[in-house]
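Colleague: Residue numbers (my numbering), protein chains in the order written: chain A, 1 to 308; chain B, 1 to 308.
Some hints could be false.
Identical chains share a label here; the pair holds if one copy fits it or two copies do between them.
[Stated by the list, open to error] Cut-off 30 Å, straight-line C-alpha distance, at most; resulting in silico cross-link-like pairs (DSBU-like, lysine-lysine):
hint	residue 1	residue 2
1	Lys28	Lys154
2	Lys28	Lys155
3	Lys28	Lys277
4	Lys277	Lys203
5	Lys28	Lys203
6	Lys277	Lys154
7	Lys192	Lys28
In short, the hints are calculated from the structure, not lab data.
2 protein chains.
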Amino acid sequence: MHYADRLAEAISIRNTPAVVGIDPVLEKLPPRFRPTAPTAVEAAAAIERFSFAIIEAVADLVPAIKINSAFFEAFYEHGVAAYFRTIAHAHQRGLLVIGDIKRGDIGSTSEFYARGHLAPPAFADVSAERLPDAVTLAGYFGFSVVAPFIEAAKKTGRGMYVLVRPSDPHSDQIHEFGGVRPLYWHMSEMVKHWGAGADLIGKCGLSCVGAVVAGRDAAEAHTIRNNMPHTPFLVPGFGAQGAAAAAVSACFRRAGDGAIVNASRSVIYAIEQPRWKERCGDDAILAVRLAAEEFAAQARDMARAATQ
Amino acid sequence: MHYADRLAEAISIRNTPAVVGIDPVLEKLPPRFRPTAPTAVEAAAAIERFSFAIIEAVADLVPAIKINSAFFEAFYEHGVAAYFRTIAHAHQRGLLVIGDIKRGDIGSTSEFYARGHLAPPAFADVSAERLPDAVTLAGYFGFSVVAPFIEAAKKTGRGMYVLVRPSDPHSDQIHEFGGVRPLYWHMSEMVKHWGAGADLIGKCGLSCVGAVVAGRDAAEAHTIRNNMPHTPFLVPGFGAQGAAAAAVSACFRRAGDGAIVNASRSVIYAIEQPRWKERCGDDAILAVRLAAEEFAAQARDMARAATQ
Numbered sequence: 001m002h003y004a005d006r007l008a009e010a011i012s013i014r015n016t017p018a019v020v021g022i023d024p025v026l027e028k029l030p031p032r033f034r035p036t037a038p039t040a041v042e043a044a045a046a047i048e049r050f051s052f053a054i055i056e057a058v059a060d061l062v063p064a065i066k067i068n069s070a071f072f073e074a075f076y077e078h079g080v081a082a083y084f085r086t087i088a089h090a091h092q093r094g095l096l097v098i099g100d101i102k103r104g105d106i107g108s109t110s111e112f113y114a115r116g117h118l119a120p121p122a123f124a125d126v127s128a129e130r131l132p133d134a135v136t137l138a139g140y141f142g143f144s145v146v147a148p149f150i151e152a153a154k155k156t157g158r159g160m161y162v163l164v165r166p167s168d169p170h171s172d173q174i175h176e177f178g179g180v181r182p183l184y185w186h187m188s189e190m191v192k193h194w195g196a197g198a199d200l201i202g203k204c205g206l207s208c209v210g211a212v213v214a215g216r217d218a219a220e221a222h223t224i225r226n227n228m229p230h231t232p233f234l235v236p237g238f239g240a241q242g243a244a245a246a247a248v249s250a251c252f253r254r255a256g257d258g259a260i261v262n263a264s265r266s267v268i269y270a271i272e273q274p275r276w277k278e279r280c281g282d283d284a285i286l287a288v289r290l291a292a293e294e295f296a297a298q299a300r301d302m303a304r305a306a307t308q
Numbered sequence: 001m002h003y004a005d006r007l008a009e010a011i012s013i014r015n016t017p018a019v020v021g022i023d024p025v026l027e028k029l030p031p032r033f034r035p036t037a038p039t040a041v042e043a044a045a046a047i048e049r050f051s052f053a054i055i056e057a058v059a060d061l062v063p064a065i066k067i068n069s070a071f072f073e074a075f076y077e078h079g080v081a082a083y084f085r086t087i088a089h090a091h092q093r094g095l096l097v098i099g100d101i102k103r104g105d106i107g108s109t110s111e112f113y114a115r116g117h118l119a120p121p122a123f124a125d126v127s128a129e130r131l132p133d134a135v136t137l138a139g140y141f142g143f144s145v146v147a148p149f150i151e152a153a154k155k156t157g158r159g160m161y162v163l164v165r166p167s168d169p170h171s172d173q174i175h176e177f178g179g180v181r182p183l184y185w186h187m188s189e190m191v192k193h194w195g196a197g198a199d200l201i202g203k204c205g206l207s208c209v210g211a212v213v214a215g216r217d218a219a220e221a222h223t224i225r226n227n228m229p230h231t232p233f234l235v236p237g238f239g240a241q242g243a244a245a246a247a248v249s250a251c252f253r254r255a256g257d258g259a260i261v262n263a264s265r266s267v268i269y270a271i272e273q274p275r276w277k278e279r280c281g282d283d284a285i286l287a288v289r290l291a292a293e294e295f296a297a298q299a300r301d302m303a304r305a306a307t308q
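Just chain A, with the same shape it has in the complex:
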């Protein structure tokens, strides 16, 4: 089944396009997860336990989670093993998984990133459950970055989100380069084109080649959205990174579909916010659940607002 159709089904079942982002930081783990002076092996085990607890807390609330590879790679191969086990665990709990890896290299190299991060495993000791349903990619080497990922995606009902408009204002010095139609617009044209083949579009009318588009402001998001009608968006930055609801809304299609919205820190470290701390005491995972519930409702509202 096509990635976009699998995702649409999951969104329909959970009735929200909210995605919880798992960015586990050792120093920020709740006390019961945090080891004292750990080895890298112990540290990786600790972030894995925390990630599993988040999955348990949100599995019935959202269609998908996004796992950020950087936070696992901080613990070397031990963290990478935890990354893959976390994906497998999320799959067992019925969640779709986006591997936030932002890889990007020339074609002859990208082929190997695709093998390691999206393609069906070629080894008896590696379960397909360990591979995510979609990954994020940096497409700045052009089509040759995405081509091997598209091949893998077609075979297995998987997908990808290519960076188009990042959430971080620091990126503006690059993405607003080039005048009235700046780099982010150019990237949006590329990504639209790369995902346009009839064999890449699902029943829901969306491609397996998506875009990461931050809702920077509503007008800009509308313009990008309207120019890429068949491209599914992954919208980062809701919550801690401060994207406004109207700008996120503008990333959905008029039918209220075509986007998923991610919140990471504002959900997984909800206990750091006084209002959740007050309600949940020391139960950081209860705070994750309540914050995810609230976020799921907000994302539902943002999608609905696009239909009005």
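Since the structure of chain A is already known, use the hints to place chain B on it.
Modeller: Below, chain B alone, put in the same frame as chain A:
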């Protein structure tokens, strides 16, 4: 000691700016390294053995090797473990190591990529030997990508090479975007600026913030080189990717320093070329050594040509 000074010293000892790139592909391993129907664990062990053999063959010929992460990530955490062990082994044999990881994400995420790939390890079970001396980065999120890597580099005499002008013509659809002063030029201006702080420049006059600049043609390479006098270049694409000697030469400073030149496939799979096959029979590692010797001399000549 500053990264650029350590590298300059190593180049002076080996009398060549040649870097051998390790891109191990399971299907291309010489028969004595290639397992039949391996598990991922066995496959990772096989590419590790091949990588170690290459290191043994070239350790006294070149100042540094470049290890491409993608080819190790193809075997999941097992490959990542092999990547780090290969770095440690190269260090034990007196080589500098460039980790070709091309990571790039917003600052709050990039901090964790820096921890996992360049910073001094914070764990008792991880030796600093396992971390490379420099990494490649994709700077398309702006300064926030490189900032945490610069912090790590300053502390430990390490460095980085930010993508400026890739070797793959597919990347032109992005890097030639923007008119007369296209994206690659804009990136070169950024990278120059990011590495310009007096505390980032070594005794040899080069920064710890370098650039990946393919020698696409001599005129272009000259122009980029002259505009970035304090930026060390990593020049990919010699050999298999077909960069011409004159274009590579143009990446050096007039003193014959300021660049290292990488060849991967043309050296590590030298046995696939009839002229090496003829001389070396089935000894693929002897072919690596002879090809590396030839490449070391070619790189020496290309550096010298810049002084004339």
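Colleague: Now tell me, hint by hint, if it's right for this structure.
Modeller: Verification of the supplied hints:
In this assembly of identical chains, lysine 28 and lysine 154 lie within 30 Å of each other by CA distance solely across copies; the values are 26 Å between and 38 Å within a copy. In the homo-oligomer, the alpha carbons of lysine 28 and lysine 155 lie at most 30 Å apart only across protomers (24 Å), although the nearest pairing inside one protomer, at 39 Å, exceeds that limit. Taking the shortest Cα distances, lysine 28 and lysine 277 sit within 30 Å of each other inside one copy (15 Å), while across copies they are farther apart (56 Å). Taking the closest pair of Cα atoms, lysine 277 and lysine 203 never come within 30 Å of each other, the shortest separation being 44 Å inside a single copy and 52 Å across copies.
For the identical chains of this complex, lysine 28 and lysine 203 are neighbours neither inside a copy (42 Å) nor across copies (40 Å), given an alpha-carbon limit of 30 Å. Taking the shortest Cα distances, lysine 277 and lysine 154 never come within 30 Å of each other, neither inside one copy (45 Å) nor across copies (39 Å). Within a single copy, lysine 192 and lysine 28 get their C-alpha atoms no closer than 38 Å, and across copies no closer than 35 Å, so neither meets the 30 Å cut-off.
Violation of the numbered hints given earlier is confined to hints 4, 5, 6 and 7; the remaining hints are satisfied by the structure.
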